[in-house]
Amino acid sequence: MTKISINNLVKTFEASDQRDADGEIVAVDDIDLEIADGEFIVLVGPSGCGKSTTLRCIAGLDNATQGEIRFDGEIVNDSRPRDRDVAMVFQNYALYPHMTVEGNMGFGLKLSSTLSSAEIDARVTEAAETMGIDGLLTKKPGELSGGQQQRVALGRSIVREPGVFLMDEPLSNLDAKLRAEMRTEIQALQNDLGVTTIYVTHDQTEAMAMGDRIAVLDGGVLQQVDVPEQLYRNPVNEFVADFIGSPSINLLDVAVDGKRLTGPGGFTHEYTGHEVGDRSRVRLGIRPEDLAIDERGDELTVSVVEKMGNENFIYGHLGDREIVARTDASVRPDPGDTVGLSFTNEALYLFDAQSGRSLETKTDNVSATQTQF
Amino acid sequence: MHDELETEAIWRFAGYGFLLLVTMFMLIPIYWLLVASTLPESAIIASAGSGLPRLIPGTHLLENARALAARPDVDFYLSILNSVLIAVVYTGLALIFCSMAGFAFAKYDFRFKEPLFLGILATLIIPINLLVVPLFLLVSNIGLANSYWAVILPWAAYPIGIFFMRQSMQSIPDSLLEAARMDGASEFQLYYRVALPTMKSSMAALAVILFLFQWNLFLWPLVVLQQEKFTIPVAITKIMGQEQIAYDQLLIAAVLAIVPMFVVFLVLQRHFVRGILAGAVKE
Amino acid sequence: MRSDLTVEFIDRVRYKRERLKDLLPPIPGTPFVFLSPFFILFGVFLAIPVFYTIYLSFFAFQGVSMEPIFVLDLGAYQLVVPEMANLRFVGLEHYERMLTDQVFHQAIINTVVIFVVQVPIMVSLALGLALVLNAGFTRFKNVFRSVLLLPVSANTVAYSVIFIVLVTEGGLADAMFRAVGLDPIAWLSNGFWSRNLIAFMSVWRWTGYNMIIILAGLQTISDSLYEAAEIDGATKIQKFRYVTLPQLKPIMLFVFVTSTIGGFKKFAEPTIVIQSGAPITETRTIAYYIYQVAFQNLELGYGSALTVALVVIIMSLSLLQFKVS
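So the sequence lines, in the order shown, correspond to chains A, B and C. Note that this note's numbering has the first sequence beginning at 1, numbered continuously upward. Note that this note's numbering has the second sequence beginning at 1001, numbered continuously upward. Note that this note's numbering has the third sequence beginning at 2001, numbered continuously upward.
These are calculated hints, taken from the structure and not from any lab test. The reader is advised that the hints may include incorrect statements.
To be verified - Below are the DSS-like pairs computed for lysine-lysine, each with C-alpha atoms no more than 27 Å apart in a straight line:
{"#": "1", "chain 1": "B", "residue 1": "LYS1238", "chain 2": "C", "residue 2": "LYS2265"}
{"#": "2", "chain 1": "A", "residue 1": "LYS140", "chain 2": "A", "residue 2": "LYS177"}
{"#": "3", "chain 1": "A", "residue 1": "LYS139", "chain 2": "B", "residue 2": "LYS1200"}
{"#": "4", "chain 1": "B", "residue 1": "LYS1200", "chain 2": "A", "residue 2": "LYS110"}
This is chain A alone, in the form it adopts within the complex (with noise of 0.2 Å):
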């Protein structure tokens, strides 16, 4: 299969509000990245991140203004998609509407290989068999359903048997269930077939289910790329670790004196072990999991108690901030109650007030409520 390299990756648009003074938008700066073999991984970040326009490089949809991409130490830039031997599959399917099913499926092996007829027939059969659309294939995409038309997207990029998948939000426009159900298919296919995937998704739990590394941008810039413990563990800066894990971790403000720490509300915290430096200041993180809540405590003021019947999400005002805790069921307090925080030493993220850097992240021990999200 296909081992990518990208180095030193830019692409710039050209501006089309010209009032902007160089004319020009980075959509990606400069990212470095290496794929492996049969590698799953997921390119994620919000919207305008880069991730897309990353994607469209390496597919070739796009040209790149600087830098090279590689695949098995060949450059491609210059390539045409047709010769890159990549498959694609589009958020919105992109099946062409006057194709059948089977159409759909065979269009780019006429188009770009060298099989005769009766094999693509085959091909397309037995891609259709994998994807479970066989009883589709004389259907034309208008009269499929939403996953029955995903289903067939990406039977028409495994039937090239391409060496690289290349997945643009593929799974966005079903609903939640379909999405849950479609996610570990797509797992389960790139295990059998062993194809290099790289997946673009702005859903962090999406990329923390599949991926087996996970690249996360930001502004065009590539933040950190690590397996998805690692990411939500020891991530480089603020922006992945607020990036990664649902509920978002919670970001307080807090003044370093000495071994204490003050944060909004009069809120405080002695630390041990934690090299912050000369900092006066640092950000202080803690994920809503690693939050204990005491009801007879008063620092935080509940605002809202959301049960989910497994658990209890407690959102309330620390000072200003807004925080959420992720507690057992069992643990109810009213909105308008004042309840007791507490977390240990272990769990605590710090970053650099100004740079967003981490100075310290979560050293305690894996528990199995962390490794869900």
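Place chains B and C on chain A using the hints.
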């Protein structure tokens, strides 16, 4: 309550009355055309004071058609062939050219795209089919006078058609074309294997616009075509141009020019309507 | 089912094609390739005529000429641009002549009178029909719509012929007038009535066309507007006055302006009416006069000047529409 029902009834009565009256006005000439074409010339025009002309079909249709065929000065049946040939070739060519240009404007970015498109929009307000004087000199000079191409080519890149196709093709999702690029399609294959097939109904509407435009073209063919290349409208004026108008022949010519198009219209009505409205869409 | 041989043939063609695609370099400037037929045709048959019309209007035409004015020698091939016409410069003479040309003035009057008679009748009919066809109570809407639209497909010359035969002396129109006790109208010998005939014919041809446009406009008016008016206690007439008409304004304007432009271009109908022997003075339109000057008298220069005048009139009307809407 009672009053309201009453006014409602009056509205309905007036509405239907008006509708039927206008429909009659539309139908009388058509009905009479069909009837009169089956009558001998003497029955088409009643001698003064002798009441209505005959209003039920006669049996003279074939005689009239034969009389038309026997005319030495105008070969009307040939002109039908000419008209159909010209209109069909024109429609085909113009469809290709307009859709290609529309595709480029809708789905590509290129230098001078905006000024070029504005240029096309500007020509929409020029009555291009009135510019026959220079066109006549031009066509004579490049040796196209009295040829089918003289009528087919000048408006084969029809501005309204380009505008219409650009508007329609903007609805093709970019990802559809990108999917085809990933599948290995060349840019030209994007156009004719992906864009065109998804634009079938727009193409049909445009075909109607183009066909009608060419079918009704009169001044230009009158100027540039000779005897054996005459289109229907030109041939009709030649039939009329005689001292004594032969009404029987004239009517059968009108029938042949109009009735087949009525049938085409009834079959393709949906596209006709879309074509008419396409002219009315604003930017 | 296709036979194996055909399939094999198709496959072969496919390989060849794909091989070719691999060999050919990707074309730079793909959009320009798509635009090339348009560039050529547009340049030759539209750009040249537009400027050449203006140019010609300052010259008197003396005959066709093939004298080369420009020769590009490419060795094996010589590109020769002939001068097309033997011309004599006359400056603004044609435009001065236009100012005093009684026939031209009469043609303008005729053209204006025709659409002043035609457009109000046609637009009211079209609006009325559209309203009835849009009303909830009307049945067989599709049938009525089809019939009313039928004239749109009629060839402009051929339909004019029907009307000539219809109104000719002793024709059906005469008989119908007599049947209701009226004196028949001399449609084809009284200039006043010949001119009105052109207007009435045009009403027949174009009412359905405008109706369908107005109908489309009516259908875009949201029901909630009518419901709101109904809650406010508006009567049918008030609803029409305060909801329908204001909402329809842009469409009505479009209809008015396109009809006016169509009126200025009118050529087929007057040609047929004139050919049937009607008085030419009252029925000659601008377009017909241009045809006479340029192609019957072969005064191509003056014909061009008249064309420029007509095009300017029509373009100003179009611009007016763009501006107002």
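Hints, verified against the model:
Taking the CA atoms of B:LYS1238 and C:LYS2265, the gap is about 22 Å. The hint holds against a cut of 27 Å. For the proposed pair A:LYS140 and A:LYS177, the alpha carbon gap of about 24 Å is at most 27 Å, so the pair holds. The hinted pair formed by A:LYS139 and B:LYS1200 meets the criterion: a straight-line CA distance of about 19 Å does not exceed 27 Å. Under the criterion of a C-alpha separation no larger than 27 Å, the hint pairing B:LYS1200 with A:LYS110 is consistent with the structure, at around 23 Å.
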